[in-house]
Structures are given as structure tokens and as C-alpha cells.
Amino acid sequence: MTEAESAYSPDYLDLVARQLGRRPLFKLGAAVLALLYAVAIYAPFLAGDRPFALEAVDARAYRAALRTLSAVTSSMTRLFDEPAGARAALELERRAGAERLVVLRRHLSPADAAPLDELERLWDGALDAHRAARAAEAERLCDEALALARELRTELEPGRASLRPVRSYPLFESLHPVEVFFMVLWLCVLAWPAWNPLVNAALLRRDSGRIRRWRRRKWILCLGGSALAGLAWLVAVGTPPRTFDVAPYKAGLSSGDIVASRPPRLPPLPMAYAETHSAEGFRPPTWTRASELDADGRYVRGLRRSRPDRVTGVLPPATPVLVRYGEPAANSPWRHLAGTDQLGRDFLVRMVWGSRVSLSVGILSAALLTVFGVVVGAASGYLGGWVDLVAMRLIEILQSIPALFLILLAMAFTDPEVVHPIVAIVVVIALIRWTGVARLVRGEFLRLRDQEFVMAARALGLSPLRTIVRHVLPNALGPILVSAAFAVAAGILTESVVSYLGFGVRHPEASWGSLVNDSKSAEHWWIQLFPGVLIFLTVTCYNLVGDAVRDALDPKMKVFA
Amino acid sequence: MTAYVLRRILLMVPTTLGVAVVIFALYHLAPGDPAVVMTGSVDSREGQADVDARIAGFRREHGLDRSVLVQFLDWVGPFNLSRDGHPWFTSPWTEREVTVEEWDGREVTLGVPLPIAPPPGLGDDASGERAYARLLTALHDLAPVPADRTEIERLSRELGELAGFDPDPGGELVAAGRHADLVRLWFGWYYTHGGARVRNSGEKPWGGLLALDLGREMERKTPVAAEIRRRLEVTVPLSLAAALLAYLIAIPLGIQSARSHGTKRDALATLVLFVLYSIPTFWAGLMLVLLFGATGLDLLPVLGLTAKDHDELDAWGKLVDVLRHAILPVVTLTYVQVAFLSRQMRVGMLEVIGQDYIRTARAKGLSERVVVYKHALRNSLIPIVTLFASMLPALIGGSVVVETVFDIPGMGKYAYEGLLRRDFYIVMATTILVGVTTQVGILLSDVAYALVDPRIRHD
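Sequence order for the protein chains is H and B.
Following numbering that gives the first Met the number 0, the numbering of the first sequence begins with 0 at its first residue and continues without gaps.
Following numbering that gives the first Met the number 0, the numbering of the second sequence begins with 0 at its first residue and continues without gaps.
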């Protein structure tokens, strides 16, 4: 032991960390939670129908652009005769034309694209002439442009002109800057066991005092770096358009409209969360024997085996399974690892995306209710008097009704058209569950209010708000954090119950609870089994972590035991 | 002590009113119009005017167009603020006035006859109810044109025999030829005896929660209180059984766990109980249904509380049938409580074992058995026994989930049905009931604590 280390006396956080490090169950729980959150955060890379990178000729888009060049030109000609309001419409047509040219140019070599420049020149010339009120010239240029567009239609046809494949990154283009922020942040968190010792050894030279000073700075750096990455993404890529979450790539690749020069790679679960497979409604997990289908899409074994009609001897009609590009074969055990729901949406994919809703509802509701509870509890404990009286009466009233009852009630009478159910459930949980935190904070404040350091703060003339925030609250933070950890678990549980009972998240969104509600029939066991396992796992891990942190934060703990 | 209990009971009144205010506030402040939510989804084939009319009708029928304060006071009682019912019920004829705007802008008032639903409880068989409805409808159709007096007399007589009510005991009205008044009396009787009034409390001067009147269901018009009583007969035994079972398992478990404190066995038991505590109740129920229902393990029935052929069984068979059906729900209700209670028991036992008097008992040479079961157990039982009272409302609350999963017609299922139907009266009544149960539970636990622990004084 070096001299520096022996001189270093561990502070409270060191003791807590050391205590936590002794608990294998805490480590296990935290690791599983980190993994679950990783699944939620990196969901686009795990499950989706967008290729990572695509180098392909989109023959359909090219043909459509080429076909409509003459249409754009002739509608420009027609707009020249319209006296009023034509200016804006012309601009619009011009922009539509430009968009088509972009598609065409991307696919053509510069030499092949030369006639397009000529076309663009004619368009601009015609528009200029129109603006300068030279009607005859505009008419002439437009006629020339129309003739050229018609000529190009045959000349640049995919068969004649050689098309260059275009590179694009559909998966990355669909990422939102906020998603990027969380992805980078979570990368920092997950890699923490790797980089933290390195930083401590290399940059901070194992100096305990320095490491302690750098604790907060590391967090700020991680958060700041992630925020910067998100901002950079916003500037460089922008926000993706909010479209229905089924991309056209798989269909195009399967039908041959999109010809890739190299087969593009899809995420490991190559299906979108709203992608339906109409022939595969309620298909059991494909690794089970009961899920086997023949070429016509009829079940071969199990309860749903197709039997010929007793009278006519005809088999019931069936649709063959449609296997799109990149998907496992119809009878591959990997096709639907967790089965499908009624519309044939892959259940595992829905669980992966549903984890985003479930986990974020837990975190957000816990954060919100902790804020409510701390505000009310602090006001009631520190100020006392009638504030305390009113707050305590309210808490007593709220606590005399089981919270689940009240939450269900509030959700039942909330119109999902007015407030989005996910927002509603977060707010409702927070509005009803804050009482426990408030009582806790009130108790802590009553205990701390008359201690010397608080009196000193008051004697110095600090305002009540400053005294509370700077001096009292930090001393009450431990129990608040522990109760917040349990509140996350309770929030996830509550959301799942409410969604299971049908008052929560609705289609097309999914949470683990609403996924259980997808079928009430015991025949569809996968629908009831898998999401429940995830809920149970998450709640157990949160309880384990909360329990360990509570024990570790206990100041009466045996320090050197 | 008596004064303390009395004071607490008196305090329960404002708290319960507070509960009512909270529910009422949630009901009205929740984003979205209650009437819109309650009339349900819009049929796409329906025109907007139809939807608006339906919502307006719903609002009128259930008094939602009155001021919120009046609605609340009327629900709480004890005075029936809408004694004469809602304005459109004031017509003595069972007609409701509807103002329609004609194509040329004129407003025309039409009388639309109300459907006459038989009051519940009248005539046990369907034919009696049908006869009643037929007679009243016939009377209604005759009423505006009291031409056929003999027909009115005949209908009135038949109706009187069926309903056990004579509006004209001395025959004076008929003698004086006041047949219209006779009909009016019949409809007055109809209103007060189960007609579909706003607030459903008719012309009684009292009503509402404080008069122990919980109103009627919005759709079926049956009294909520009677239905709740019937449902409680299912839920209370289930909850009590679950509570009893939880104690029977948790106490020995907690003792064993505390006695083997620090060993691997204790750690394992603690972990298992911890995991058990984290299983979502609804999922545990579903898994039991899957286990016993879907896998072909036909050991136990999974749904309902009685078998299809329940009525044909003898008394013993009925008992066995119900017991077999109750096993899985009771297990589902119990396991969380076992996990919770045994943890409490273990902690309490460990605390007591660390006390000085236990060391004294050991020092004077008592056997471990006597020390644990005579000295330690009794003292560590105190907090556990008082937990019983606060456990009961939790069980009743948890029954929402369990009864829904196992399809048991109990209180929790009723509350859930009320929520699904967006039935204000069911929701209010069940929530208030659970709220009162909770408060009684807390009071009982405080009293029990004071009774068993002489150090606590409530003065």
C-alpha cells in the first residue's frame, strides 16, 4: 500500500460503492438491466426492415422519375396560361422537376446525364421568359423542353442507358437525433468497466483525490459528449420523416425493383414492428413442431392442422407464406422465434420495440412522481403549518384508495384521442403515486429542519428555497433515490397491468403489458409467456438493485465488515 | 381508547368524502369528455349529427348536463337535489320532448315515447315482466287520447293485480270520469318504483352516498348496492382464505428463515421469496391458467367459480366443486402476501432475537425451542398480526386482476366491468367501498397494535 492510498480516507460514496461491489446479486441485476436498456436503445439495429447500407439501382423509382419528366413540363406549359396564383404553382412544378432530376442523376454517369442539364436549362429559360412576360419565347422553350423530355423517355430507359448503383444508408437515415444521443450515452455506460480503470490509471495516475474530484466531471463529459453527438446528427442528417414504420426496401428487393450490386445486410431480426405477414397470424414460435407449414401455408401438425372437410373432402383454403428479402425461410426455426400475433407481426420484434415503451414509462413516471413527491414533501416538512395539514390530508385520502384502482379509473376516463396513452399513463402514475415519496421526504425534512447546519443556513439569511435545495435536500437524497428505484419497478408493473387490462398502450404501439393482451386464448401461449418473462425479469432486477442500494446507503452499515 | 376509536371513525367521514371528490375530479378532469368516452367509439357509418345526438341524449339521460357541483352533491346526498328528476322527465306522460329544427328553420317540438323497462324484481318469470311491460305500454299509448275509458279501466285493473298497487282504491277517479288522472297516477307510481329516472332516485327526498344509496347501473338500471353485495359474497371468502393461508405459510417460513440466519439455506429462501415478490400477479395467474388449462394437465378447473353442472350436484359435490375452482385464484392471491409477510416475519424475528431478554433467557439455560417459540415468537408476532388489517384491502384491490384472469364474478371483476363500460356509478361505488375498507383496515391495525403493545397509548 502506497503512502497516498493510506492517507486517503474513503468518503461516503466510496463506502457505498465498496458495499455494492460485495453483492453479486446487485451486479447481476445491474448487468441485466443494462442489457435490457441496451436492447431498447439499440432496437433499430436489432430489429427492423431497413438495410444498414444499400448499393443498388432502384429501377422503379428511376422509371417513375423518367416517366413523369414530360408530365412536369406539360403542366408548366399549362400554368403559363393561368393568370393568377400561377407563380407559386410554377415554383412547385419546378421543384418537383428538380427532385426527379436528382433521382435520375444519381443513377446516371455524368456523360449520360448531360441531356438532363439541357432540359433544366430549357425549364429555367422558359420560367425567366414567363417572368419577363415574353409569352411567345416561354411557349417556344417549353415546347422544346417537352420534346426533349419525350425523347429522353426512350433514350434513358433502363435498358438503353447504363444505370449506376446508388449508395444509401437507410437504417442510419431513419435514426432520430434523440436516439443517437441515447445510443452514445449508453455506449459510455456499457463500456464504463473498460474505460474507467484506463482513465483512472493513465490520466488521473491513480490519485484517489483526483479520481474523486473527477467523478462528476466524467458524468458531465459523457452526457455532454452524447448531447454533442445528437446535435451533430441533427445538423448532419436531420430528423427522419415520421412515416408508417414499414420501409419499401424489402418488398423492392424481393420483387426485383431494387437491384443491389451487393446483397445488403439487414438487422438480425429483419422485420419491422408493424410489418404484417397475413398468412402467419398467431403462428407459434417457429422452433416448435406445431408451427410447421407446408408449401400452401397449411399447418402440418398440432391443434391447427388442416383437415379435409368431412363431407366434400376438400382442404380449407390457405395462403402460402410470403418470404421477403432477408427473412429466414418459411419453416426455418429462426423465422419467428417468439411466434406472431394476430396480424402475423413478429412477436420478438414487437417485444424489442415494446421494451422502449415499457422501460421509458417506468423511468419517466418514477422521475415525475419523485419530483412531485419531493416538492410536496419538502414544502410540507419544511414549512409546516397549514401547508403540512392540507398536504397530509390529501395524502391520507389518496392513500386510502389502492393506487391501481385510481390509475385504472383515470385511464378509463381519459380519451386516447385527446392525450396519447403513453403520456397519459406516465402522468397518471405520477399524479397518484407521489404520496409515498412525499411522506418520506416530509419525514426527512422534519428530522433535518432543526439540526444545526440548517439553522446556520437560516441564520445566514438564506431564502427558504435556497436552504431547502442546497442544504436540506442533499442530505435526504439517499432514501429518495432508493424509493425512486423501487418506483421504476412499480411503474413498469403498473403500466403492464393497466395495458393488460386494456386501458393503456394501444395499437400500433406496443408495450410488454399490451402484448400480453394480444390474445386471451390459452392456445396462444407464446403471447402470454414471453412478455411476462421480460416484465418479471425487469422488475426483479430493479428490486434487487434497489434493495442493495438501500442496504448500502444505510449509514449504520458495518463499514469494515 | 373508545374516544380515540370514535374520533377516528368520525374522521373517516371527511376522508371518504375526500375520496369521492378525488374520484369525481378524476372523472371530470381527465382529458376528454366523459360522455364521449362513455358512449364509446364512433361508428364510421354514422353521421356526425347522429353521434352528436347520441352524446347529447346520453348526457341528458345521466344528468351530465347539469353543473358539476349539482352532480356531485346529488351523488353524495343525502338530499335528492333533482327530486322531480331531470327536466325532460317532468312530463307526466312517459314522453320526452325533443326539439327538432326543420328544413326551413322552424323549431318543432316532438314527443318521443320512452321505452318502458320493467323494474327489476317484479315477477320472477319472464312472462310476468312481459305482461307488465305490455300493459304499461298499452296504457301509455292510450293515455294522450283517453277515449277508450273501459280499456283504461281494464288495463289499470290488470296492472294493479300484477304490481300489487291500486291507484284508485275507492273507485272515485273512475266514478268521476277522471281517467287521465288515473293514468297519471300510474305513471307517478312507475317513476317512483323503478322507472328510469335521472339519478335513479325518483321522487324520494333522500338519496346519494350519505343515504347509503349507490345509484343504479347506467345500462341495466339494476341497483349497484345489491350487485356489490352479491359480488362481495364471492370476493370476501376468497380474500379471507388467501389471507389465512398466507399467514399459515409465512409465519413458519419466517421463523425458519430467521433461525437459520446467515446460512446458505436462509439466503436461498430469501432470494426465492424475493423473486416471488417480483412476479406480476396477472402474469402468475395467466401462467397458472396455461399450466392447468392449455398443457392438458386436467387436474384443476381454471376458469370461473363453478362448473357447468354445478346446479345438479348435491351439497357436498357443490362444496367440492367450488373449492376446486377456488384453488388457483387463492394461490395467485396468496403468493405475493406470503413473500411479503415472511420477509416481515424474518426481520421482526431477527430484531427480537437480538434483544437483551432473549440473551437472558438463553443464559438462564432455557432450551432453544422454548426461547424461540415462547419468548421470541410472541413478541415478533405483534407487527405481523397487525399487518392483517392492512392486508385485507390490498387483497380486495388485487382481486381486480385475479378475478379478471380467472373469470370469477366477484367485486374486482365488477369494478373492472364498470371501468370497461365506463359506468360511473359502478366505478364510484366500488372505489368508495375499497376506500372505506382500507380506512377501516388501518383503524383496525392501529387498534390491534395498541391492544397488543401496552407501550402505545391513544389518548
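FYI, nobody ran anything at the bench for these hints, they're computed from the structure.
As the structure is a prediction and not an experimental result, all values here were calculated from the model.
Among the hints, a few may not be true.
To be verified - Cut-off 27 Å, straight-line C-alpha distance, at most; resulting in silico cross-link-like pairs (DSSO-like, lysine-lysine): (1) H:Lys519 <-> B:Lys307; (2) B:Lys307 <-> B:Lys317; (3) B:Lys373 <-> B:Lys363; (4) B:Lys263 <-> H:Lys26; (5) H:Lys26 <-> H:Lys217.
The hints, checked one at a time:
Between Lys519 of chain H and Lys307 of chain B, the direct Cα distance comes to roughly 21 Å. Compliance with the 27 Å bound is thereby established for this hinted pair. Between the alpha carbons of Lys307 of chain B and Lys317 of chain B the distance comes to roughly 11 Å, so the proposed pair stays at or under 27 Å and holds. Of the pairs offered as hints, the one joining Lys373 of chain B and Lys363 of chain B holds, with about 14 Å between alpha carbons and a cut-off of 27 Å not exceeded. The straight-line distance between the Cα atoms of Lys263 of chain B and Lys26 of chain H is roughly 19 Å, inside the 27 Å bound, and the hint therefore holds.
Distance restraint check for Lys26 of chain H and Lys217 of chain H: the Cα-Cα separation of roughly 21 Å lies within the 27 Å cut-off, and the hinted pair is therefore satisfied.
Violated hints are absent here; each numbered hint is respected by the structure.
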